Amino acid sequence: MTLKGSCLCGAVRFETQGTPRDIVACHCTQCRKSSGHFIAATSVAPEELTLVEHRGLKWYRSSSAAERGFCQDCGSTLLWKPASGDRISIFAGAIDKDVDLPPIVSHIFLAEKGAYYDVDDAAERHQATGAKLTLD
Amino acid sequence: MYRCYCTLCQKQSGTASNAATLVRQEAFEWLHEAESITIWKMDSGFNSHFCSTCGCPTPNPIGDGLMWVPMGLLDSVDTPTAVHLFETYRPAWDCSSSQDCLSKGVENVEALYNALANHESVEQ
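Those protein sequence lines, which keep their order, are chains R and G.
Numbers in the working numbering are just positions in the first sequence, counted from 1, shifted up by 1235.
Numbers in the working numbering are just positions in the second sequence, counted from 1, shifted up by 4.
Next comes chain R alone, as it looks inside the complex:
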């Protein structure tokens, strides 16, 4: 399955190869601040992600464990890259709508969820998570 996506202004555009991971929603404080709500992301191996355009891409090291990629021109929230480097998360809102991705399979860091919304779907629920689930 090939996924394509971009930021709002086009200064970052990407394509993926291979099979993208199912979508995981992360409710941690950092994802809530960077999204303005919470994050939903698929992921691929780094070599499966092609940045067709990257002139706008800026990486922010949000913790010792990871960097967050956003467009420095339009502010779109795009990528999450763990320091281990084995996977790269692609935020689902940036992905073009011509591919129907399957529903969110898991919610992580629900202990840090905002009080203003509920999570009531059938996906797995984790109050926090181990490194494996975060990075796979």
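In short, the hints are calculated from the structure, not lab data.
Hints may be right or wrong, so weigh each one.
[Claimed, not checked] Coverage of chain R stretches by chain G, computed from C-beta distances (three or more under 8 Å per stretch; other residues unrestricted): (1) 1267 to 1275; (2) 1287 to 1297; (3) 1302 to 1311; (4) 1335 to 1346; (5) 1352 to 1363.
From a predicted model like this one, the values you see are computed outputs, not experimental measurements.
Just so it is clear, CB atoms sit at the ideal spot from N, CA and C, and this is done for glycine as well.
With chain R held as given, fit chain G onto it using these hints.
Same frame as chain R, but now just chain G:
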């Protein structure tokens, strides 16, 4: 608060919708000077204000004397979703919350503010 599922808000937030509220500008105060905010605007009027360093969306004035405030920045605010906008664009992968919605749309920013303030049911 309200959620907007339009494709612009999806790209800005990285997820299925934004989540935001509106407050009167006189009720809003910067505790630190907002000195590193980048502003990106479309001809349509849509705009994106964000921290130049980390990319987080930031509060910004949206007209009619109102400030737009992303819910994800707020600590421990417990307020229901009063309005869903552009829900026809909601992606199929998002079924994270089927809860409650008092209104499917509003005519303008002032009507949106009133809907959020009063939790009134407003038809699109």
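Tested hints:
Requiring three or more residues with a Cβ within less than 8 Å of a Cβ of chain G, the coverage given for the stretch 1267 to 1275 of chain R holds, as 9 such residues are present. For the stretch 1287 to 1297 of chain R, the stated coverage by chain G holds: 3 residues have a C-beta nearer than 8 Å to a C-beta of that chain, and at least 3 were required. Under a criterion of three residues with beta carbons nearer than 8 Å to beta carbons of chain G, the stated coverage of the stretch 1302 to 1311 of chain R is upheld, 8 such residues being counted. Coverage of the stretch 1335 to 1346 of chain R by chain G holds [criterion: at least 3 residues with CB-CB distance below 8 Å; count 6].
Chain G is given as covering the stretch 1352 to 1363 of chain R, and this holds because 7 residues of the stretch bring a CB closer than 8 Å to a CB of that chain, at least three being needed.
The earlier numbered hints are all upheld by this structure, with none contradicted.
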